[in-house]
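Enquirer: Sequence:
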Amino acid sequence: MIILLILLALSSYNLHAQEILRIPSFDNEIIEGRLNVPSNGFKETIVIDVPSSGPHTYENMRKIGRSLVFKYHDYFQNEFAKRGIAYFSYSTRYTMPDSTNPPNYDTVDKEKFFSYTPNVKVKDLEQIIKFLKKDHRLASSKFLILGFSEGALLATLVAERKVVSVDALFLAGTPTDDVYTTMLWQLSGESSMINYRKFFDTNKDSIIQKNEYVNADPRAIARVGGKKFEELDLNGDSVLTAKDFGILLEPYLQQIINAIEKDDNEWIWNNFFRVGTKWIKEHRTLESTSTRILKLDLPIYIFHGSDDANCPVEGIIRLEKKAQEINKKNIHVFTFPDHDHSLEFLGWVVKKSLPEGLKALFEEIEKFN
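Per the numbering used here, residue 28 is the first one in the sequence shown, and the count goes up by one each step.
In short, the hints are calculated from the structure, not lab data.
Don't take every hint at face value.
As the list claims (entries may be wrong) - As a list, the in silico DMTMM-like pairs of lysine to aspartate or glutamate whose alpha-carbon atoms are at most 25 Å apart:
id : residue 1 : residue 2
1  : Lys349    : Asp291
2  : Lys386    : Asp334
3  : Lys355    : Glu309
4  : Lys308    : Glu106
5  : Lys379    : Glu390
6  : Lys348    : Glu153
7  : Lys254    : Glu217
8  : Lys160    : Glu71
9  : Lys169    : Asp365
10 : Lys157    : Asp291
11 : Lys308    : Asp291
12 : Lys237    : Glu138
13 : Lys169    : Glu106
14 : Lys160    : Glu46
15 : Lys355    : Glu187
16 : Lys255    : Asp291
17 : Lys150    : Asp324
18 : Lys322    : Glu56
19 : Lys308    : Glu46
20 : Lys270    : Asp324
From a predicted model like this one, the values you see are computed outputs, not experimental measurements.
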C-alpha cells in the first residue's frame with residue numbers, strides 16, 4: 028500500500044512538473060513546447076530535442092500493434108528527470124497534438140507546412156534557446172542540443188551560425204551528406220539491403236544467397252511480402268544485392284524526382300513523406316553535414332547504429348576517421364551493432380529496458396560537465 032501511494036505521488040508530481048510553453052519565433056509564429064525541470068536534484072542542465080523531418084509534436088504519440096499507444100517524448104523526459112536533467116520538446120510549426128487522429132496523432136496545416144524549410148527551422152530553434160535562457164530556473168544551466176536524423180543536421184547549423192550559444196551537441200542517426208543525397212541513397216537499394224540482411228544474411232557476407240532466402244523463417248518471408256527469390260533477383264545473378272532493390276525502386280525514385288521538379292507538394296506528401304518540395308530543394312543547397320561538423324569546435328557526441336537504413340553508418344565511420352586525422356578531439360563517435368536509426372527506441376517501449384545505444388546517449392549526457 029505504501030509503495031502504491033509513493034507511485035501515485037510520483038505520477039502526480041510528474042504531471043505537475045511539466046509545463047506547456049508558447050514561444051514567439053522570429054516572425055511571431057508561435058512554437059508550442061513542453062518543458063520539464065526537476066524540482067529536486069536539478070543538475071543545472073537542459074536538453075532540447077530538435078524535431079526531425081516532417082511534422083512532430085511535443086508529445087509524438089504513436090501506436091505499436093493493436094493497442095500499445097505511447098508518447099515518444101515521455102520516455103526521454105522521464106529518463107532525464109531521473110538523472111536530474113531538464114528536458115524540452117517542441118512541436119514543428121503548424122502542427123498540433125491530436126490524440127483522436129492516428130497514426131501520427133497530430134493535426135497539420137498542410138498548406139502552411141509546405142513552406143517550412145531548414146532555414147526557418149533553425150531560426151525557430153534559436154528563438155527557443157533565447158527564450159529558455161531567460162527562464163530564471165535555467166540561468167546557470169548548460170544547454171545541450173539533442174537531434175536525431177534531420178534534427179542532428181539542424182543542430183549543427185545552429186552551432187555553425189553562433190546566433191545563440193550552446194554547450195554541446197548530441198547527435199544520433201546523423202545524415203553525413205545533405206538530406207537530398209541521403210534520400211537518393213535510401214532509394215538506391217542500399218537501404219533495402221540493410222533491412223533484408225537482418226532476416227536473411229545468415230553468413231554475414233552482405234549478400235543474400237538463394238538458399239539463405241528460401242530456408243529463412245517463413246515469418247521473415249511473409250514480412251517482406253511473401254515474394255519468391257526470383258521475383259527479387261531482378262538482375263538474374265542468383266544473389267540478392269542492393270542492385271536488385273535499386274532496379275525495383277527506380278520507377279518510384281523517378282516519380283519522386285519528377286514531383287520535386289514540378290513542385291507537386293500533394294504528391295510528395297501523399298506518396299513519399301510529409302514534407303514540401305521547398306524543404307527538399309533547400310536541403311539540396313546545404314553542404315554535407317560531415318563537412319560542417321568538422322569545422323565546429325564545441326563538444327559533439329555522435330551515436331549511430333550499424334543497421335541504420337535511413338543514414339548509412341559508413342558515413343559516420345569516415346567522419347570519425349577524418350576527425351582523428353585532423354586531431355578534432357571535440358568529436359566523440361559511438362557506433363552500435365544491431366541498432367537502427369532510432370537506436371532501437373521501439374525496443375525500449377516494447378521490452379521496457381534501455382537499448383545499449385540509448386543507454387550510452389543518456390550516460391554521456393549525464394556525465395557532461
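Enquirer: All hints are to be evaluated individually against the structure, with a verdict given for each.
Expert: A quick look at each hint next to the structure:
Our distance criterion of 25 Å between C-alpha atoms is broken by Lys349 and Asp291, whose separation comes to about 39 Å. Straight-line distance between C-alpha atoms of Lys386 and Asp334 comes to about 17 Å, which keeps the hinted pair within the 25 Å bound. Simply put, Lys355 and Glu309 have alpha-carbon atoms about 29 Å apart, too far for the 25 Å limit, and the pair is violated. With a C-alpha separation of about 37 Å, the suggested pair Lys308 and Glu106 falls outside the 25 Å cut-off, and the hint is violated.
Under the criterion of a C-alpha separation no larger than 25 Å, the hint pairing Lys379 with Glu390 is consistent with the structure, at around 18 Å. Straight-line distance between C-alpha atoms of Lys348 and Glu153 comes to about 31 Å, which puts the hinted pair past the 25 Å bound. Of the pairs offered as hints, the one joining Lys254 and Glu217 holds, with about 19 Å between alpha carbons and a cut-off of 25 Å not exceeded. For the proposed pair Lys160 and Glu71, the alpha carbon gap of about 12 Å is at most 25 Å, so the pair holds.
The hinted pair formed by Lys169 and Asp365 fails the criterion: a straight-line CA distance of about 32 Å is larger than 25 Å. Taking the CA atoms of Lys157 and Asp291, the gap is near 36 Å; set against the 25 Å cutoff, the hint is violated. About 12 Å separates the Cα atoms of Lys308 and Asp291, which keeps this hinted pair within 25 Å; it holds. Distance restraint check for Lys237 and Glu138: the Cα-Cα separation of roughly 47 Å exceeds the 25 Å cut-off, and the hinted pair is therefore not satisfied.
Of the supplied pair hints, the one linking Lys169 and Glu106 holds, its CA atoms being roughly 18 Å apart against a limit of 25 Å. With a C-alpha separation of about 16 Å, the suggested pair Lys160 and Glu46 falls inside the 25 Å cut-off, and the hint holds. With a CA separation close to 16 Å, the supplied pair Lys355 and Glu187 stays within the 25 Å bound. For the suggested pair Lys255 and Asp291, the alpha carbons sit about 35 Å apart, so the restraint of at most 25 Å is broken.
Distance restraint check for Lys150 and Asp324: the Cα-Cα separation of roughly 21 Å lies within the 25 Å cut-off, and the hinted pair is therefore satisfied. For the suggested pair Lys322 and Glu56, the alpha carbons sit about 32 Å apart, so the restraint of at most 25 Å is broken. For a cut-off of 25 Å, the pair hint linking Lys308 to Glu46 is broken: about 36 Å separates their Cα positions. Taking the CA atoms of Lys270 and Asp324, the gap is near 39 Å; set against the 25 Å cutoff, the hint is violated.
Of the numbered hints listed earlier, those contradicted by the structure are 1, 3, 4, 6, 9, 10, 12, 16, 18, 19, 20.
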